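Chemist: Listed in order, the protein sequences are those of chains A and B.
Numbering-wise (the numbering used here), the first sequence opens with residue 1 and increments by one.
Numbering-wise (the numbering used here), the second sequence opens with residue 1001 and increments by one.
The hints are simulated quantities; they were obtained by calculation from the structure and are not laboratory data.
In this text, all values refer to a predicted model and were calculated from it rather than measured experimentally.
Ideal Cβ positions, reconstructed from N, Cα and C, are used throughout, including at glycine.
Some hints here could point you the wrong way.
Estimated spans, in silico, between C-beta atoms of each pair [stated by the list, open to error]:
1. B:Gly1110 <-> A:Thr24: 18 to 24 angstroms
2. A:Ser21 <-> B:Cys1481: 35 to 41 angstroms
3. A:Ser21 <-> B:Arg1457: 41 to 47 angstroms
4. A:Glu31 <-> B:Lys1178: 37 to 43 angstroms
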Amino acid sequence: MKHTIAILVEDQPGVMARVASLFTRRGFNIESIAVGHSEKEGISRMTIITSGDEKVLEQVTKQLNKLIDVIRVRDISPRNVIERELILVKVHTDSLSIRAEIIQLVEIFKAKVVYVERDTLTIEMSGDEEKVSGLLKLLKPFGIIEIVRTGRIAIARTKNNGQRT
Amino acid sequence: MELSGTEIIVESLKQEKVKVIFGIIGAAIMPLYDTFGKTEKLPFKNILTRHEQGAIHAADGYARATGEVGVCIATSGPGATNLVTGLANAYLDSVPLVAFTGQVPTYMVGNDAFQEVDITGITLPITKNNYIARRVEDLAPIIKEAFYIARSGRPGPVLIDLPKDVQQARCQFKYPDKINRKGYKPSYKGHVRQIKAAAKKIMEAEKPVIIAGGGIINANASEELQKVALKTNIPVVNTFMGLGSFPKNHPLSLGMLGMYGQYAANQTISSADLIIALGTRFDDRITGNLKQFCPHAELIHIDIDPVEIGKNIAVKIPIVGDLKYILHQLNDYLDERKNSSWLIEIKKIREKITPQLEEEKGELRPKYIIKCINEFFKGEAIIVTDVGQHQMWAANYCQFMHPRTFVSSGGLGTMGYGFPAAIGAKFGCPKKPVVCISGDGSFQMNIQELATAIYNRLPMIVVLMNNGYLGMVRQLQELFCDRRYVSTSLAGSPDFIKIVEGYGGVGFRVNKKEEFYPILEKAYEMNQFVLIDCQIPQEENTFPMVQPGSSINKMMGVEQS
Ligand SMILES: Cc1ncc(C[n+]2csc(CCOP(=O)(O)OP(=O)(O)O)c2C)c(N)n1
Ligand SMILES: [Mg+2]
Chain A
1 MKHTIAILVE DQPGVMARVA SLFTRRGFNI ESIAVGHSEK EGISRMTIIT
51 SGDEKVLEQV TKQLNKLIDV IRVRDISPRN VIERELILVK VHTDSLSIRA
101 EIIQLVEIFK AKVVYVERDT LTIEMSGDEE KVSGLLKLLK PFGIIEIVRT
151 GRIAIARTKN NGQRT
Chain B
1001 MELSGTEIIV ESLKQEKVKV IFGIIGAAIM PLYDTFGKTE KLPFKNILTR
1051 HEQGAIHAAD GYARATGEVG VCIATSGPGA TNLVTGLANA YLDSVPLVAF
1101 TGQVPTYMVG NDAFQEVDIT GITLPITKNN YIARRVEDLA PIIKEAFYIA
1151 RSGRPGPVLI DLPKDVQQAR CQFKYPDKIN RKGYKPSYKG HVRQIKAAAK
1201 KIMEAEKPVI IAGGGIINAN ASEELQKVAL KTNIPVVNTF MGLGSFPKNH
1251 PLSLGMLGMY GQYAANQTIS SADLIIALGT RFDDRITGNL KQFCPHAELI
1301 HIDIDPVEIG KNIAVKIPIV GDLKYILHQL NDYLDERKNS SWLIEIKKIR
1351 EKITPQLEEE KGELRPKYII KCINEFFKGE AIIVTDVGQH QMWAANYCQF
1401 MHPRTFVSSG GLGTMGYGFP AAIGAKFGCP KKPVVCISGD GSFQMNIQEL
1451 ATAIYNRLPM IVVLMNNGYL GMVRQLQELF CDRRYVSTSL AGSPDFIKIV
1501 EGYGGVGFRV NKKEEFYPIL EKAYEMNQFV LIDCQIPQEE NTFPMVQPGS
1551 SINKMMGVEQ S
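Generate the whole structure from the sequences, applying the supplied hints.
Modeler: Structure representation (structure tokens):
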């Protein structure tokens, strides 16, 4: 079962290492992790996508809460959050017809071409998991040279919902 | 007032009312020691140990015996890494410590400078929190926070890394009067509804048992525990860490449970219908095979650390908070009860097998030694042990009467802990007799601290249970490896009496049973450091025991206990 865990942490040296080491110790793998400043000064927000059973998740949540630098941990259920990830993809374009085909895809997915070379296109897109993997799947046959992903971030839809822990 | 970093440290330690520090000097921590030298009236004793592991175990023993935060100091690099075992030991047993380590100057950090190690990285999973003081201005707030974190909530060790240039820099000093960390707010008051629910469950149960763990001692809640148990006539078993929290000679006391615990304790909790678990983490040495642990019981679990609740065992009524406070409240909701039929049932279990301390005649054997210690000190001494069979004999047969009179390495099982910890305990409680029960293997792991004990004229007694073996492992080899005693013989051990004498102390060797008590008496009266080398049978076993992985009510060697 996939979980999106939102963690508020104080900006202290080593806080990333503390959080990451907890996941490793409990044999919980991190599928993606995104970190940035929050709305409050000195406080950052981490969004971690992970999978594991409920009991292990409960332990990880409690253990995270136990870290001094961690202010709050929430397991936000996917139904009640808006999730986004930003990706940059560089694809091969051998011919004009292929280039046209790719640009068509880009438009359908509401993505953007951000750089053009004679034989490559660099595309930027943001979206939820489904959309991101949808585009990547369709681009694959053309020959993907490089993918860069930010990791998913998530925000609860309303003021109070999305809260499980 | 403008002070240097090291002056700030001294002032801060004074504010925290630190009375003694244990440590070893080195280049990266020299500025701090130089300030000790310059300070006219150093507000604490500065004790030089002979190994950093000795320093941190001494600080740990001091903390367990007194309930105060223990403090130790090491230099950078190897000094710091020598603290690692001690930190893990304190972390697993929830002991409040603050460790200071020297570090190369900030401008060299990360360059693999001489004696540089990433000690905060290394100790990340074995400290409650750790810090690098990057600016001199941060020192006072960090120290304040470190002491607060070490002693509050579930106690634990905290490490502060001190780059040399930060020690030498200067700034205005003001010791903060409070800390405010958004992510650290231990909850002390349990949920009232849960406490009421627990009281109801306790009154309804037919076969309730209390498991009293180390949390009772950390929370100073022994009195409250006794009130609850006596009011309701509920029998009490102790975890290893909880020994001393309930007087062992009380009729309701069933002694220690677990792998090397008492038969009666293990049987009783196995037939209980309600377990009231207080400040215990259900370590595997207690539960044995988890699936068969207490098959008939529901569980009330009270602990200050939410992580422990539901970690290993499903809980019916969880309560998070401070045991002293919660037990006090719980007691108000409880009515008196007799529990007669349950107590009769337990009595029958106990009659079936009661550990025999008496031995008619013959060789000097461990249980007789413990019996003499009980008779002589009557539960008023602080018993500190090392790790091995001798530790289990002490845990099972010493007559603990008060909290903080049993100091021993539980979670990590650190050989070499006992002797330096006893030194720390003696520094903390100079008026109380301190007896270190050690093994010939464990003692040799920190034997160099003889210098610390003898030079500082500490009147203490080391009772060395000398069986010529790493006995606890030898026992496992006897039982499970057809007596292939590989690497467990301690042939080559020194003459311990000569060693002690070499350091300027006194040692006695005891071969015969009848010699022990008089020598113990004499040792105590000499009021100085004395080691008693007790020649015990080489293949004495610690029975009964639970085979690793088996359920705790299936004990082997019950007849031999
Ligand atoms: C540092 C360390 N190394 C190894 C062990 C494994 N171990 C546990 S008990 C024991 C034997 C202890 O021997 P001794 O101190 O002579 O005590 P005895 O069991 O003989 O009473 C050993 C080797 C340990 N617990 N700690
Ligand atoms: Mg031995």
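Chemist: Quick check on a hinted range of 18 to 24 angstroms for Gly1110 of chain B and Thr24 of chain A, using CB atoms only.
Modeler: 23 angstroms, holds
Chemist: For the hint 41 to 47 angstroms, verify it against the beta carbon of Ser21 of chain A and that of Arg1457 of chain B.
Modeler: 44 angstroms, holds
Chemist: Holds or violated: the 35 to 41 angstroms window for the beta-carbon distance between Ser21 of chain A and Cys1481 of chain B?
Modeler: About 36 angstroms separates the Cβ atoms of Ser21 of chain A and Cys1481 of chain B, which means 35 to 41 angstroms holds.
Chemist: Should the hint that Glu31 of chain A and Lys1178 of chain B are 37 to 43 angstroms apart at their CB atoms be regarded as holding?
Modeler: For Glu31 of chain A and Lys1178 of chain B the Cβ distance comes to about 40 angstroms; the hint holds.
No hint from the list above goes unmet by this structure.
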